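In the order they appear, the protein sequences are chains A and B.
When you line the first sequence up against my numbering, it's residues 51 to 257, in that order.
When you line the second sequence up against my numbering, it's residues 51 to 257, in that order.
Hints may contain errors.
Remember, identical chains collapse to one label, so a pair may be satisfied in a single copy or spanning two.
[As the list claims (entries may be wrong)] List time: in silico EDC-like cross-link candidates among lysine to aspartate or glutamate, alpha-carbon distance up to 20 Å:
#1 K212 to D174
#2 K190 to D131
#3 K111 to D131
#4 K142 to E61
#5 K142 to E106
Read the hints as simulated data drawn from the structure, not as lab findings.
Just so it is clear, the structure is predicted and the values come from calculations on it, not from any experiment.
In case you want the letters, here they are:
There are 2 protein chains.
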Amino acid sequence: MLQKYPSALLEDAVNEFAKLPGIGRKTALRLALHALKRTQEEVTAFGSAIIRLRDEVRRCKVCHNICDDDVCSICNDPARDASLVCVVENIKDVMAIENTGQFKGLYHVLGGIISPMEGIGPADLEIESLIARIRSGEVKEIILALSTTMEGDTTNFYIYRKLSGIDIRVSVIARGVSIGDEIEYTDEITLGRSIINRTAFNDSFKI
Amino acid sequence: MLQKYPSALLEDAVNEFAKLPGIGRKTALRLALHALKRTQEEVTAFGSAIIRLRDEVRRCKVCHNICDDDVCSICNDPARDASLVCVVENIKDVMAIENTGQFKGLYHVLGGIISPMEGIGPADLEIESLIARIRSGEVKEIILALSTTMEGDTTNFYIYRKLSGIDIRVSVIARGVSIGDEIEYTDEITLGRSIINRTAFNDSFKI
Chain A
51 MLQKYPSALL
61 EDAVNEFAKL
71 PGIGRKTALR
81 LALHALKRTQ
91 EEVTAFGSAI
101 IRLRDEVRRC
111 KVCHNICDDD
121 VCSICNDPAR
131 DASLVCVVEN
141 IKDVMAIENT
151 GQFKGLYHVL
161 GGIISPMEGI
171 GPADLEIESL
181 IARIRSGEVK
191 EIILALSTTM
201 EGDTTNFYIY
211 RKLSGIDIRV
221 SVIARGVSIG
231 DEIEYTDEIT
241 LGRSIINRTA
251 FNDSFKI
Chain B
51 MLQKYPSALL
61 EDAVNEFAKL
71 PGIGRKTALR
81 LALHALKRTQ
91 EEVTAFGSAI
101 IRLRDEVRRC
111 KVCHNICDDD
121 VCSICNDPAR
131 DASLVCVVEN
141 IKDVMAIENT
151 GQFKGLYHVL
161 GGIISPMEGI
171 GPADLEIESL
181 IARIRSGEVK
191 EIILALSTTM
201 EGDTTNFYIY
211 RKLSGIDIRV
221 SVIARGVSIG
231 DEIEYTDEIT
241 LGRSIINRTA
251 FNDSFKI
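Only chain A is shown next, with the shape it has when bound in the complex (with noise of 0.2 Å):
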């Protein structure tokens, strides 16, 4: 049923905050009556740190990564491997590799990957400055960090071909049985996959 609002500002709100992923009808409303509860200032200071995060955030012209400068903070700290570069998919793919804190390389954000269902090409993703990046020297590995999809796998082969003639390792992350998974209940591609690619015993306590 139609919802009556008693104010169109309300009204107005409730629509705004329904337009953001998994926030309903009833959750808006509930959010924005919550506003009229906070002081002005508390109100002011939630609008406006959203309005600037889209107006003055930027993208590092290294990694692509996002960040309030023209490089991000992790190419730009010296104690981290250059020679050594991570390709992900996403910001959320590099905040997910740094909570891991076991990489100590530099990143790549490609800002997705390929898709043709969703119309998404190479030319759509940041996959030629990933090549000149290593083209210009320094990167001696890349790591490919997408998802194990079949839009992952085709990103994947498409940078491996691209990368062809270059004098580069690339590596993929290792797939296999997550940490407190039981085998029994893995499915069989997963399992088969890590006995393929099983590790010497020793290298297992490296983490």
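Given the coordinates of chain A, assemble chain B onto it according to the supplied hints.
Just chain B, lined up with the frame of chain A:
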């Protein structure tokens, strides 16, 4: 683990989203990143709608419902019965009752209910203005539509006592078995009330 953000602007936006009720840090990040996928105009419209709601929304002088003018559209509607006033806790209750399409009187929004546990006393609520509104004439009946909790009952009783000596009909909304509920699973108090407050069989077809 403490999440590292590639941008202070992103971190601010995530912090602000995470202050909303029911939004955790993971969802806050998803909502903030969503802002980066929308146009600058869309994000500005979002932020300013929330800020404008807080800055410009007003309270109806008569019923204290939120509105965009001095007096709300319900109180201003000549087709509604000004002799009948439904007393509710908050503006969400007004919206819920309006959505039933069953009520053609006016409202009075208390802005809460008496709750010693949360330090809310009668002076914090719009009870004096309700009494003044009733004393001024026109109102012939008030319907108490507060929650069926101890706090709701306390508030009902407080208002009822305040009205002693004033010639007005005081009613409460019917409590009984919800439409669609099975008798077998209804709690005893509700079921008991539904028998004591039974209505004529013909009346039950009114809705």
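Going down the list of hints, with the structure as the test:
no.	hint	result
1	K212 to D174	within (15 Å within a copy, 70 Å between copies)
2	K190 to D131	within (10 Å within a copy, 80 Å between copies)
3	K111 to D131	within (18 Å within a copy, 66 Å between copies)
4	K142 to E61	between (32 Å within a copy, 13 Å between copies)
5	K142 to E106	within (19 Å within a copy, 37 Å between copies)
Checked against the numbered hints given earlier, the structure satisfies every one of them.
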